[in-house]
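There are 4 protein chains.
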Amino acid sequence: MQGDTRADILRRLSFIEGHLAGVRRMVEADKYCVDVLKQTYAVRRAIEKMEAIMLAGHLQTCVVDGIRQGRDAAVLAELGELYEMAGR
Amino acid sequence: MQGDTRADILRRLSFIEGHLAGVRRMVEADKYCVDVLKQTYAVRRAIEKMEAIMLAGHLQTCVVDGIRQGRDAAVLAELGELYEMAGR
Amino acid sequence: MQGDTRADILRRLSFIEGHLAGVRRMVEADKYCVDVLKQTYAVRRAIEKMEAIMLAGHLQTCVVDGIRQGRDAAVLAELGELYEMAGR
Amino acid sequence: MQGDTRADILRRLSFIEGHLAGVRRMVEADKYCVDVLKQTYAVRRAIEKMEAIMLAGHLQTCVVDGIRQGRDAAVLAELGELYEMAGR
Chain R
1 MQGDTRADIL
11 RRLSFIEGHL
21 AGVRRMVEAD
31 KYCVDVLKQT
41 YAVRRAIEKM
51 EAIMLAGHLQ
61 TCVVDGIRQG
71 RDAAVLAELG
81 ELYEMAGR
Chain B
1 MQGDTRADIL
11 RRLSFIEGHL
21 AGVRRMVEAD
31 KYCVDVLKQT
41 YAVRRAIEKM
51 EAIMLAGHLQ
61 TCVVDGIRQG
71 RDAAVLAELG
81 ELYEMAGR
Chain F
1 MQGDTRADIL
11 RRLSFIEGHL
21 AGVRRMVEAD
31 KYCVDVLKQT
41 YAVRRAIEKM
51 EAIMLAGHLQ
61 TCVVDGIRQG
71 RDAAVLAELG
81 ELYEMAGR
Chain V
1 MQGDTRADIL
11 RRLSFIEGHL
21 AGVRRMVEAD
31 KYCVDVLKQT
41 YAVRRAIEKM
51 EAIMLAGHLQ
61 TCVVDGIRQG
71 RDAAVLAELG
81 ELYEMAGR
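Protein chains in written order, with our numbering: chain R, 1 to 88; chain B, 1 to 88; chain F, 1 to 88; chain V, 1 to 88.
Treat the hints loosely; a few may be bogus.
As the list claims (entries may be wrong) - Label pairs and their computed distance ranges (CB to CB):
id, chain 1, residue 1, chain 2, residue 2, range
1, F, Ile53, B, Gln2, 24 to 34 Å
2, B, Asp4, F, Gly22, 46 to 56 Å
3, R, Arg6, F, His19, 39 to 49 Å
4, R, Asp65, B, Glu81, 41 to 51 Å
For the record, the hints were derived by calculation from the structure and aren't laboratory data. Glycine included, C-beta positions come from ideal geometry on N, C-alpha and C.
The whole structure should be built from the sequences, with the hints applied where relevant.
Right, dumping it as structure tokens:
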């Protein structure tokens, strides 16, 4: 990962960890489960956003370099695998 | 949330928090972003599984009680809202 | 399904079928695959919207009636199954 | 799209159109909405599978060629847009 992407990802991870700690406090305090679910959905969206940024970075660096170096098959197989995993 | 559901959710939250801490260590150690992404996908799936358990508990308790007490409209509106949010 | 929900669903199905026929014509005319993909994403979103309407109708009728009649377990098991399948 | 990918996509489109026609007949015959939903979920999965094949073809041809020709920015911007749209 490039330096500024990594800094951004680490900032986002801190935010997500803080958000999850808040979810834990809600569960411990026995808050209404609908309100807890709304927070876990928000956490999930924050993770998805972070993934999109990591993936964009991956495309711009490793994928472009790999294709320039003729390693198309390896780079695209890996990308296909990621796509499959992302959708579940 | 009922006692055993809450205990299960708290266990799952601990696991997810530990997993995310592992993701942070990977990013700090500048691991290959494809490997990091595979771990964040796994975290996301673990959150989805936890949500499914919370939702099942919600259906079995609050939704059933609400409908028995004639609060169908309120209970179903809330459920519809959750459904929309879950899909994004 | 209640009458007006069914009429709405049939209208949406016609629209989706027409949209898919358009996708077929694009593929036959060898249009740029990125443009084809954008259309299939739109088709998928239209199906998801139609599903949300069917599900809301199901909750308001079969689920409420089932719970009033004491068939909670059956109704909720089915709902849980649908949720799992919706997410894949 | 390359010839064999296009033939595969057209076969899948025929299957999906047939499946949707079956959904329409179920709705017209007033089948149980849970059973209809299970079929629309299957249609949606078939569309997602078809999209994955189109995207793989796009990566192997247009993306690789674009990067080789130095059009990285355009090719990756388009790919990022597709990713965003796929997730909704």
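Do the hints match the structure? See the list:
1. Ile53(F) with Gln2(B): 24 to 34 Å: holds, 32 Å
2. Asp4(B) with Gly22(F): 46 to 56 Å: This hint holds: roughly 51 Å between Cβ atoms.
3. Arg6(R) with His19(F): 39 to 49 Å: Check passed, 42 Å falls within 39 to 49 Å.
4. Asp65(R) with Glu81(B): 41 to 51 Å: About 45 Å separates the Cβ atoms of Asp65(R) and Glu81(B), which means 41 to 51 Å holds.
Going down the numbered hints, you'll see the structure goes against none, and every one checks out.
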